[in-house]
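*Asks:* From first to last, the protein sequence lines stand for chains A and X. Residue 1 is where the first sequence starts when you use our numbering, and the numbers rise one by one after that. Residue 1 is where the second sequence starts when you use our numbering, and the numbers rise one by one after that.
Think of the hints as simulated: they come from the structure by calculation, not from any bench. Bear in mind that the values here come from a model prediction, so they are computed numbers and not experimental data. For each residue, glycine too, the CB sits at the ideal point set by N, CA and C. Hints may contain errors.
[To be verified] Across the chosen pairs, the derived CB separations fall in these ranges:
1. E39/X with D26/A: 18 to 24 Å
2. E15/X with E79/A: 45 to 51 Å
3. K57/A with S26/X: 18 to 24 Å
4. V20/X with K71/A: 36 to 42 Å
[To be verified] Among the chain X residues that face chain A by a calculated CB cut under 10 Å, a handful are:
5. P8
6. L11
7. Q14
8. G16
9. A19
10. A29
11. N31
12. Q38
13. K42
14. L46
15. A63
16. T69
17. A70
18. P82
19. A97
20. S110
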Amino acid sequence: NAGVTQTPKFRVLKTGQSMTLLCAQDMNHEYMYWYRQDPGMGLRLIHYSVGEGTTAKGEVPDGYNVSRLKKQNFLLGLESAAPSQTSVYFCASSLLRSGDEQYFGPGTRLTVT
Amino acid sequence: GENVEQHPSTLSVQEGDSAVIKCTYSDSASNYFPWYKQELGKGPQLIIDIRSNVGEKKDQRIAVTLNKTAKHFSLHITETQPEDSAVYFCAASTNQAGTALIFGKGTTLSVSS
């Protein structure tokens, strides 16, 4: 099993550009999450999904959109990138609910200039 | 919503010493408390967790204690080794359907030999 994979690993965007980050898991997990990690701020939840076709807002959802059209994929979109969105983005998944172990991907480092 | 505070933000110990990281949470309904370890350049990985029906759990050199009355929980690492150097995150969840984990801001542990 590959576990949780993220594409791309690195990306540089100019302010105002758009992009989509892809997360894929092959463990048949119901829950999937997107976090951003900034120095001194820990892991902050952006959006999450409790099953195919569902999404919910986390702590810092502004400026991001998500979609979960297939159970194994969770997409994070930035419609108009801003320098404040420079961060490392992690995707994670868990089997059934938040009380189950979360498996994290390797991260995507995004720089917005 | 839930708020998790984690202290200290950095911790330096000598090899063989013990390390203690403390977290407090705000939502009395929270009943699941995991600890994640993040090595440089990787995603976080679960190392131990505790549920509210127990006060302490141990796994070799690591242990977690929970005080539900005071709403705090702690990670204890004994006989620290250089490979314990990493960022450690605590988290809390009510484990209800549709909810997500809330993470603390992390503690950077450095073990010097």
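*Asks:* State for each hint whether it applies.
*Replies:* Hint by hint, here is what the structure shows:
In this structure, E39/X and D26/A meet the distance hint of 18 to 24 Å, their C-beta atoms being roughly 23 Å apart. At roughly 49 Å, the beta-carbon separation of E15/X and E79/A lies within the given 45 to 51 Å, and the hint holds. Restraint check, K57/A to S26/X: a C-beta distance of roughly 19 Å satisfies the suggested window 18 to 24 Å. Between V20/X and K71/A the beta carbon distance is about 40 Å. The supplied range of 36 to 42 Å therefore holds.
With a least beta-carbon distance of about 13 Å to chain A, the hint placing P8/X at the interface is violated under the 10 Å criterion. Residue-level restraint check for L11/X is violated (minimum Cβ-Cβ distance to chain A is 15 Å; threshold 10 Å). Here the hint on Q14/X is broken, as its CB sits about 25 Å from the closest CB of chain A, past 10 Å. The beta carbon of G16/X comes no nearer than 28 Å to any beta carbon in chain A, farther than 10 Å, and the hint placing it at the interface is violated.
Interface restraint check for A19/X: the shortest CB-CB distance to chain A comes to about 18 Å, outside 10 Å, so the restraint is violated. Contact between A29/X and chain A, as hinted, is not supported at the beta carbon level, the nearest pair being about 12 Å apart and thus beyond 10 Å. Hint status for N31/X relative to chain A: holds, with the closest Cβ pair at about 8 Å, below 10 Å. Checking Q38/X against chain A by beta carbon gives a least distance of about 8 Å; that is within 10 Å, so the hint holds.
Restraint check, K42/X versus chain A: the minimum CB separation of about 6 Å is within 10 Å; hint holds. Here the hint on L46/X is kept, as its CB sits about 5 Å from the closest CB of chain A, short of 10 Å. Nearest Cβ of chain A to the Cβ of A63/X: about 18 Å, over the 10 Å cut. The hint is violated. The beta carbon of T69/X comes no nearer than 21 Å to any beta carbon in chain A, farther than 10 Å, and the hint placing it at the interface is violated.
A least Cβ separation of about 21 Å between A70/X and chain A goes past the 10 Å threshold, and the interface hint is therefore violated. For the restraint placing P82/X at the interface with chain A, the shortest Cβ-Cβ distance is roughly 23 Å, beyond the 10 Å limit, so the hint is violated. Among the interface hints, the one on A97/X holds; its C-beta lies about 6 Å from the nearest C-beta in chain A, closer than the 10 Å criterion. Proximity of S110/X to chain A is violated relative to the hint, the smallest CB-CB distance being about 16 Å (cut-off 10 Å).
Taken one by one, the earlier hints fail for this structure at numbers 5, 6, 7, 8, 9, 10, 15, 16, 17, 18 and 20, listed in ascending order.
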